[in-house]
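Using the sequences and the hints given, assemble the complete structure.
Listed in order, the protein sequences are those of chains A and B. Numbering follows our numbering, with no gaps: position 122 of the first sequence is 122. Count along the second sequence starting at 1, add 1000, and that's the number in our numbering.
Hint data in this document are derived by calculation from the structure and do not stem from the laboratory. We treat Cβ as the ideally placed atom computed from N, Cα and C, and that holds for glycine. A couple of the hints might just be wrong.
Claimed, not checked - Coverage of chain A stretches by chain B, computed from C-beta distances (three or more under 8 Å per stretch; other residues unrestricted):
hint, stretch
1, 13-19
2, 63-69
3, 100-106
4, 149-158
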Amino acid sequence: MKIKGKVWKFGHGITTDHIAPGRFFYLRSNLPEFAKHCFEDVRPDFISKVKPGDFVVGGENFGFGSSREHAPIMIKLCGIGAVLAKSYARIFFRNAINSGLPALILDTDQINDGDELEIDLGTGTLKNITTGREMTAPPLPPVMQAIIHEGGLVEHIKKHGRLKLD
Amino acid sequence: MGKTLAEKILSHHAGHDVKSGEFAMVKVDFTYAHDGTAPLTVQQMEAMGIQKLNNPSQCAVFLDHAAPSPRLEHSNDHQSLRNFCRRTGAILFDIGEGVSHNIVSEKFARPGDLILGADSHTCTLGALAAFSTGMGSTDIAAAMAFGHTWMRVPESFGVFLRGAFPSGVYSKDLILHFIGEIGADGATYKALEFIGPALENLSVAARATISNMAIECGAKAGLFPSDALTRLFLREHGREHDYRELEPDADARYERKFQFDLSRLEPTVACPHFVDQVKPISQVERVNVAQVLIGTCTNGRLEDLHIAARFLKGRRVSPETRLIVTLSSKKVYLEALADGTLQTFLEAGGVLIGPGCGPCVGVHQGILADGEVCVGTQNRNFEGRMGNPKSFIYLSSPATAAATAIAGRLTDPREFL
Ligand code: SF4
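So, in structure tokens, the structure goes:
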């Protein structure tokens, strides 16, 4: 599946507190409302300007800190097609895949805020329409590939009735 | 080739030998979530169509993050979690019982266990030689439903400790120093394994502060072997029968090795806004401090309270500073009440908050004002962590926090020794 959109570039040090600010945590059982505060303290214009299919692009250790899975779910609710980063914090990465949010590992230094990207989620290939540069993300481990292709962990379990490793 | 502690525990739970880098389905001994993450766990379980837990006596829900509830939204979440526990038989720890990780360490975690929690600081139980790690709400829903999960067996870093802490220096200073050295992502996906002769001087409480913060350098687990001190801890908690001897093989393969001589450390703090912005206290500006927080899952055990009380006894908190003390569990509360520690805090001018997370996560009980500085014994100082993105948080040991409360500005505890 190919998706196309614009880049929202974030630097290093993006924590789940930046994505899903703790002071709005009382909204956690109302995720569409909570999602209106996504990235509020780092990028106040994000929520009003983000378009379906856009990409969130981070640096190293994206999504570190609290285990709150609300963070990737909120990014997905904002319409983001995929997250791209040089590296991810372990819990965020697993949560993103479980929530059905594609998370690709790429050298994001080559991607600028506002760039237009086209990504083939099947092959992990990225074409930067703005710069002409092409890149390919390393494939996910098979168990994560299966989960993301099925649309997340809830769908995986609905389909198989259990956790399936192979 | 020998096995690391992580490989040993995960092999046991996979039912066959596994090595770092392999993926395995592993049996889980205990699974928990709290009022921050459990509402989503319950929702996801419903979406999966799951009605029953694999073994409810191995599942627990803790109301600790916003407890007692400061808003109706939290109250409604608490209500639905109480109903979930009634319906499924999962064990409920209601408001006032304490912080999840502390209660699991007191009542459930055994050497060799595999424990999952919907909270990043689940790694705390590594202090008891349990492989414990944090996951998201959906993974926890699946683990509660099926009693197992999938996992990649991590490579381990061996952290060799020798020597003894000089006075005024504690395990919190060590782990802050380590995180400063390796960085916030220095151990991502890895297990830290602490070994060496200095372990003889590190109580389970001191180890728990270290294991608790393993996640702050990205680690999946922060493991200690079990030994006489582990046995002592279990005996003190009425469950010596849970003791089991467990240590890494002498020829275990460590991806990286570190060595620390504890006698060379000094009081250490993490400066705003990242846990790896670490400096020895001698190199930090003596900023004025509006609020001091002593407690949380990192440093809210009886040993931590005793360290702080030693400084506060017979002294008063600066009039420019508020001191908030939050107890990690009801057991600690009762013990600190009985031995006079709580009286020391109150007489010094401190405010006591019932067992729970308190102001650590910024939802209630001590949100900072614009521009205010807090020195706290918790594990995170991210921008906005305590509810206000315009405030500043320094992380320290209970001793540094107590000295700071007395002086009203960031202070080296050795000045009061
Ligand atoms: S005390 Fe703080 S870090 Fe520990 S579980 Fe509670 S909110 Fe999390």
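Quiz item: What hints, given by number in increasing order, does this structure fail?
Solution: 3
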